[in-house]
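Here's the letter readout for the chains.
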Amino acid sequence: MKLIILNDYDKASEWAAKYIRNKILLFKPGPNKYFTLGLPTGSTPLGCYKKLIEYYKNGEISFQYVKTFNMDEYVGLPRDHPESYHSFMWNNFFKHIDIRAENTHILDGNAADLQAECEAFEEKITAAGGIELFVGGIGPDGHIAFNEPGSSLVSRTRVKTLARDTIMANARFFDGDLSKVPTMALTVGVGTVMDAKEVMIIITGAHKAFALYKAIEEGVNHMWTVSAFQQHPRTVFVCDEDATLELRVKTVKYFKGMMHVHNKLVEPPPSEAKI
Amino acid sequence: MPSNKSVSAAPITQFINCRILRDHRLQREDLWVREGKILDPEKLFFDELGYADERVDCENGIIAPGFIDIQINGGYGIDFSQPSDDVDGGVSFVAKKILEHGVTSFCPTLVTSPPEVYHKVLPRIKVRSGGAHGAGVLGFHLEGPFISAEKKGAHPEQFLRTFQPGGFQDLMDTYGSLDGVAMVTLAPELSGSRTVVRELCQRGIKVSLGHSVADLSQAEEAVQHGASCITHLFNAMQPFHHRDPGIVGLLTSDKVPAGRTVFYGMIADGIHTNPAALRIAHRAHPSGLVLVTDAITAMGLPPGRHTLGQQVIEIQGLHAYVAGTQTLSGSIATMDMCVRHFRQASGCKVEEALEAASLHPAQALGISHRKGRLDYGSDADLVLLDDSLNIKATFISGEEVWRTGP
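One line per chain: the protein sequences are A and B, in this order.
275 is the number that our numbering gives the last residue of the first sequence; the numbers go up by one with no jumps.
1406 is the number that our numbering gives the last residue of the second sequence; the numbers go up by one with no jumps.
None of these hints come from the bench; they were simulated from the model.
Heads up, none of these hints are tricks.
Restricting the straight-line Cα-Cα distance to at most 25 angstroms, the calculated cross-link-like pairs of lysine-lysine (DSS-like) are:
hint	chain 1	residue 1	chain 2	residue 2
1	A	K180	B	K1043
2	A	K57	B	K1043
3	A	K124	B	K1043
4	A	K51	A	K95
Start from the sequences, fold in the hints, and give me the full structure.
Here it is as structure tokens:
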């Protein structure tokens, strides 16, 4: 595991975006070789998306040969509802870049057969050759995607009933009206994300500090589903100072001491020098 | 060509690097167009897995709905009210020239004329879509002859008419036909006007009040019967008086039926309306302000003397004088000038200035579901402007129909 500690949210977002950029560039995607990227929604990745859009507009990267798979979507919310994850991805990322619609994949929460939709999603990931890099964020209770506390750590894409806490937290996006908040979602499983070749989790803010502590300093536990990635061979946690508040000084110092090494991962790759 | 379009194989254009006027504000968004209509790109993306075939770089300009002029009498030496043998050629000529002012559709306006002129001219001009050939014709604006002799302005007195006991039939006899008529300006104090207003409105023709000595209650009554507009506010009507504000009082009247807006044309050329009067109107009733050029034959002609019909006109700057006098012979401002002047004189936001030449005239004509907005499904009649509101290019149905030189 790598733990990357940056000063603040903006720096963490930039680091994460540069990491994704470099991964795509070094992969050298092409018409017969697509880079597969797992993507989250929510407030945490917004800064990272902004940076990626900037790199696209600067001509540093293209998403022409990138396939994306989103983690989750609400059930029963119209696709064009402003809070749907389709709308989120369109407004915050897809409409700004050169990705083709056919290469983006978001679970359809309005599918007639939700279970079949979930199974088809897993098959699409497999057909695309698995996911190179799955990017995620977490909730304050340590959930990854909609894998709420207590979710199986080997779960696959499925229908989930949302935790009361999550519904309450989401009410602010639905005029504060609990009855309008979707109560179910489709989500990739912990196992689905575990299958990715690499996983990057962005964690920022003091309210996520306890979750980060649970994720990396305590044992693997289904009550903090993000802790499952302790058993993933290639996981990068990208966080800001605030998110480290519950960590031991020793842990923070150890990883900060390695930043000069880790920062090499986000330097512009040599192939970019030609621009 | 891409073959992924499930709804239509027509090419898709994406205007990029622009700020578009949508929901009353400039937003940094791309504008997508297919088959002459504004397209919802999110639907295209998710439902059709589609993408743009062509991109137009707007170089950080502003995209607004194309301007709509609901009162223009002519220009470039052509007077729509002069019955020539080539009426259509004259309208087409002006329609093409005003593309460079950002005007994508307009109402050719006929001033008071004898019946034979209406009978001759009206059938020759059809409502038609715009394109590279020129701005679209939305229908005639017939200004007169049912107006007040006292406030006739430049209208020839001998052709003025009142409503006979037949009322609406007299109007039909005068005009011959109402096909292709979008708006009629009349004086509501003429007896019999109430029926005429109702009959016109039932036929979908907008009634505008003007060239009138009506008091406020007469004007309010006309509005209650369907009139929805005021022709060139302040000009050719009773001046504002605090005990009877006249037609001007409609701007703040509480007798306008709920949910209705009274629109008013405003010649914002800095000459026909004092900037202070313009500000009074704008601050009292911003959502009803419709910029009109009320342009005459001399609009678009270079400075100097021109013989137009029986008149000799001398153009100096923005003024058109009867030659040898200081008498104004009419407005020669172009629509883009009016937009810039209105913004500067009123201190309003760019958005408001642009909407006064696009959204408001579309609403006044009852066509804002298809013109005057950049909403999905609206006609892609567009004007590209710089931040000083100079026209850079004009588009009709998404096609470029005019562009400024480099």
